[in-house]
Amino acid sequence: MLSSRVNLGQLWRLTSAAGLVALASVFLAGPAAAQADFEGIWNPSHPPRMGQPDPSTVRMTPAGQAEFDSFSPDKDPTLRCLMPGIPLGLVDPYPIEIVQQEHQVLILYEHFHQVRRIFMDGREAPDHWQPSYIGYSTGEWDGDTLVVRTTHMHPDNYMWTAGFPFSGDENTYVIERWWREGDVLQFTGEVHDPTYYEEPYVVGGRWNYAPDGEIWEYECIPEFGGIE
Amino acid sequence: MKFLTTRGLAASLVLLAGLPVAAHHNGATYFDTSATIEHSDATVVEYAIVNPHGRLSYTFVDDEGNEQEWSAELASANNLRRRGLGGKIFEPGDQLVSVTGNPSRSGANFMRLQRAEFADGTVAAFTGPNRGITPGPGAE
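Chains as they are written, first to last, in the numbering used here: chain C, 1 to 228; chain Y, 229 to 368.
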């Protein structure tokens, strides 16, 4: 409450200062201040072909084509009870739960109990970070769209089960954009792998809000994973 | 064989509403989805409801009188359970009139299970829009 001893001149200066502070906060806070509510459980409702591109539109490099031609199911980590990670698991067929915290967004997958940590506090991958199936993800808000960049992905993975390869070398990265439209959460993922692809491999998926949804345990037995 | 009650099956189907077919791999990559094979008078060896894929193992006697051992891949345990197919649908020793599926491209005694029919006419369908259990006229 303003003191009754404050005169009009002081009041103008105070309100001006407050306005400047408010104005500055808008610019200094940046896009992180504008965020959408993705919290909760979401059931998959992906488009046909599990959101994968039409195979006839995928342009591979000669090295990528050679990998495609020598595809073997043995390369599928899920058949060995290993998580699909990124990029194979970008479009996941099981429910997920999203938890939004100040410093990170968590995506908790039913599938293989995957946990994705998307760091929102500006940090970068530490030098010692090793390639992993889930990679290293950082995010920022572009208005109401969550933009996620993932690096440090495991080379022992592949793009999709139709046989599209993934090099996992130091030039690979993934850009995802997640946005909410009512009770639908949509996303696109651009996988950049210039060693194997002439242009980014683009996937897209959608999730339906499921306030009564359930995340189940996903135990996995390798002996039942093999394709004979 | 033991089936879910109608109420249990209906609850499972409601729970699953909106969920797409969960698949780890593109079936056509590993199985010839343009071809269908059928084995008659099969005997169940094992029905495993596990991840990443369920499996039905069975035997049958071929036209030459030789007993063959086959396995059929199913969806994941979680997917089967959500679709009301996670119960003890098959038990060792169950007699099946027919087992139908897409053959493995490798030529192994392995298929992707589409449906199995019991002697009482009950059908367990694992692919397509009508997947689920349809009791036959002779079912209890």
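For the record, the hints were derived by calculation from the structure and aren't laboratory data. For each residue, glycine too, the CB sits at the ideal point set by N, CA and C. Incorrect hints may appear among the rest.
[What the hints assert, rightly or not] For lysine to any residue, the following SDA-like pairs were computed, each having C-alpha atoms within a straight-line distance of at most 20 Å: (1) C:Lys75 to Y:Arg333; (2) Y:Lys316 to Y:Val272; (3) Y:Lys316 to Y:Ser326; (4) Y:Lys316 to C:Thr195; (5) C:Lys75 to Y:Ser326; (6) C:Lys75 to C:His152; (7) Y:Lys316 to C:Tyr218; (8) Y:Lys316 to Y:Thr362; (9) C:Lys75 to Y:Thr257; (10) Y:Lys316 to C:Ile221; (11) C:Lys75 to C:Glu181; (12) Y:Lys316 to Y:Thr257; (13) C:Lys75 to Y:Ser334; (14) Y:Lys316 to Y:Ser299.
[Said to hold, decoys possible] Away from chain C, derived, C-beta distances all over 12 Å, residues of chain Y: (15) Gly293; (16) Ser304; (17) Gly349; (18) Thr350; (19) Asn358.
Exercise. Are all beta-carbon distances from Gly349 (chain Y) to chain C longer than 12 Å?
Worked result: Gly349 (chain Y) clear of chain C: closest Cβ-Cβ about 30 Å, beyond 12 Å.
For this session: Take a quick look at whether Lys75 (chain C) and His152 (chain C) sit within 20 Å of each other, Cα to Cα.
Result: Judged against 20 Å, a Cα distance of about 18 Å means the pair holds.
Exercise. Keeping to a limit of 20 Å between CA atoms, is the pair of Lys316 (chain Y) and Tyr218 (chain C) held or broken?
Worked result: Holds. Lys316 (chain Y) to Tyr218 (chain C) sits at ~19 Å (cutoff 20 Å).
Exercise. Is it correct that the beta-carbon of Ser304 (chain Y) has no partner in chain C closer than or equal to 12 Å?
Worked result: 8 Å, violated
For this session: Sort out whether Ser326 (chain Y) lies within 20 Å of Lys316 (chain Y), counting only the CA atoms.
Result: Answer holds: Lys316 (chain Y) to Ser326 (chain Y) is near 18 Å, not above 20 Å.
Exercise. Is Lys75 (chain C) within 20 Å of Arg333 (chain Y), Cα to Cα?
Worked result: 17 Å, holds
For this session: Run the C-beta distances from Gly293 (chain Y) to all of chain C and say if the shortest one exceeds 12 Å.
Result: 24 Å, holds
Exercise. Are all beta-carbon distances from Asn358 (chain Y) to chain C longer than 12 Å?
Worked result: 19 Å, holds
Problem set entry | 20 Å limit on alpha-carbon distance, applied to hinted pair Lys316 (chain Y) and Thr195 (chain C) | Distance ~48 Å between Lys316 (chain Y) and Thr195 (chain C) Cα, so the pair is violated.
Exercise. Under the criterion that the straight-line Cα-Cα distance not exceed 20 Å, is the pair Lys75 (chain C), Thr257 (chain Y) satisfied?
Worked result: 13 Å, holds
Exercise. Given the proposed pairing of Lys75 (chain C) with Glu181 (chain C), does the C-alpha separation stay at or below 20 Å?
Worked result: Violated: Lys75 (chain C) and Glu181 (chain C) sit about 36 Å apart, past 20 Å.
For this session: Assess, step by step, whether the Cα of Lys75 (chain C) is no farther than 20 Å from the Cα of Ser334 (chain Y), and give holds or violated.
Result: The given pair, whose Cα atoms are some 16 Å apart, holds under the 20 Å limit.
Hints 4, 5, 11, 12 and 16 from the list above are not met by this structure, while the remaining hints are.
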